[in-house]
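2 protein chains.
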Amino acid sequence: MYKTFFSSGAGYPAYIGGGALSMLGRAAAEAAAGRKAAVVTDSGIPAEHVSRCTEELRSAGFEVFLMTLPAGERSKTLGTVSDVYGFLIENSISRSDAVVGLGGGVVGDTAGFAAATYMRGTAFVSVPTTVISQTDSAYGGKTGVDHGDAKNMIGCFYDPRAVICDTDLLKTLPEAEITNGLGEIIKYGAIADPELLAGVSRGLPSDAAVFACAEIKRRFVEADRFDLGERRVLNFGHTLGHGYEAASGFVLPHGQAVAYGMLAVTRLGERIGVTEAGSYGAILSACERAGLDSAWEGGLPAALPYIRRDKKSDGCSVDAVLIERPGAPIRKKLPFSVLADERNYR
Amino acid sequence: MYKTFFSSGAGYPAYIGGGALSMLGRAAAEAAAGRKAAVVTDSGIPAEHVSRCTEELRSAGFEVFLMTLPAGERSKTLGTVSDVYGFLIENSISRSDAVVGLGGGVVGDTAGFAAATYMRGTAFVSVPTTVISQTDSAYGGKTGVDHGDAKNMIGCFYDPRAVICDTDLLKTLPEAEITNGLGEIIKYGAIADPELLAGVSRGLPSDAAVFACAEIKRRFVEADRFDLGERRVLNFGHTLGHGYEAASGFVLPHGQAVAYGMLAVTRLGERIGVTEAGSYGAILSACERAGLDSAWEGGLPAALPYIRRDKKSDGCSVDAVLIERPGAPIRKKLPFSVLADERNYR
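Protein chains in written order, with the working numbering: chain A, 803 to 1148; chain B, 803 to 1148.
Mixed in with the good hints, there may be bad ones.
No distinction is drawn between identical chains; accordingly, a pair holds when it is met within one copy or between any pair of copies.
What the hints assert, rightly or not - Within a straight-line C-alpha distance of at most 25 Å, the following computed PhoX-like cross-link-like pairs (lysine-lysine) qualify:
#1 Lys1134 <-> Lys838
#2 Lys973 <-> Lys805
#3 Lys1135 <-> Lys838
#4 Lys805 <-> Lys838
None of these hints come from the bench; they were simulated from the model.
Same shape as in the complex, but just chain A (with noise of 0.2 Å):
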């Protein structure tokens, strides 16, 4: 039904499969020592994964305590997490208590660095419900808010005690959610594996598309955790997706975003000589078949403020990740000189 994995650096387990949820009691009390679990989630996710969630706890002997914040990036906040610990302090959650985060990347982001900085650190067990969060951001212990326009700008790194990714909680999503998601998909496939990438289509993910990106994204977090070298080609089409995400004033999804941002940077990698010819062509037929818009153009010169003032750039230049070809991702140092000329996007 599910497969596990194990991540060597931390060694906490991910069970990844239809049906994983059933695992979150044992998950969880393997976890924390203490009797309270306190489960954040969004206003977006269905009562029905709500209650699944807190049952799987309740008969595992826990205490649960229910916070439900607003859904979207917009609750990323410091103010979202201020407001978390104080749901934590009221409900006098100690640091051998668990937290549980049941949602997508806002409320993994969200959930897991309150759990990271609360007491110095709470038991963390994330249950990821959407397409990006069970492949992508529920593994490798980034967690972090906005502040104001900056994304991702504060936050840590913590892993999580355990990853539940029940695959049937994307049942319940909404069609865009799910094709929004497939952009991330899409990545995995660009820097690692040129056939997931041939075999993008619209709909729901197979598990075994679920779990191969999770199986990439282990295999670059354990060669580089602190995201100091090679890890950091898992970035391709975000540094300049963040910047689409922040000058749509956050309105753009974020799967949607990353599209744009590999379709640039690839256009960009063919017009510099980096990457092959028929990289971009591969991985716009892949959104096209996806479902997702590859208008990227239009969004660029909006973007670029944005990308000035990214994590990654020092202000001359940003670390960049293109790839040579499918399958083969690069870094390199692009200068904004080349970023913001758009001869290198015809």
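Fit chain B to the given chain A structure using the hints.
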């Protein structure tokens, strides 16, 4: 002039002694590849120290940005940390630049937490200026802020890249602040060095005393970096002390509060048969020689409700540190029924 030691856990140097500030530029340049240094200080730090600090950094080639927080424990909040983030973003501080904390425990905790979580970790160099921070809080990698009345509730473990502990900076401290700091030296004497305890007297501590405290801390931190066991004895006097602080609305100085906490828990220890007779007298005598107030009894009932909410409390009991005699600490779960029984303090 100064002594150096390395924390084996994290491998950072600490320069301790008169004149150590001359090491700041070099230490910051070793810690950070970037060319910017953000100095975070507070309004209570004499201008001469601030300019010494910025000059040292400039002569090492740094562009220096200065942020001054309002002095006092009331600044140790998430709001202040958020202001620091804003300052760092505004000045385009990158993750290869340095954050320098010049001040006492509040600056170290606040700027240290900001550095730990800005872009998921930016190099932090600590320049402690008070007796408490030079003997205790600058080492060991604990950062954190208060949340409402809940002291040090939010934070993480994040080692500085260097500690520049210039004991000459202590000479401008007001006498009351020095006296307050002696509370922390009494703690180190009580848990690990009866001679240090017996030698405590009013006024500026010797370089040898500062170094002895730092060495004792290093020993305990190396044995238990994440505060899961042995390191907890460093909390002697602190669990009750934090209760006194909170009950006073954070008006009571930290070292004075720790003195009350040590006195109360040692009297309790003698009454319940954990602590040898005479131990309370040895601590009381040191407090009196230091010029600390020893009228702890009055504040205890007000402190108890706050102790119940401590990180080390499970609601029924609290993990406390007592001594069997000076130099011999012992950890013990104290039920609140025992803590609250005033007969145990007579």
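A quick look at each hint next to the structure:
1. Lys1134 <-> Lys838: Answer is between; shortest inter-copy Cα gap is 23 Å, intra-copy 47 Å.
2. Lys973 <-> Lys805: Close inside one copy (19 Å), not across copies (63 Å); limit 25 Å.
3. Lys1135 <-> Lys838: Classified as between: cross-chain Cα gap 20 Å, same-chain 47 Å, threshold 25 Å.
4. Lys805 <-> Lys838: neither (27 Å within a copy, 47 Å between copies)
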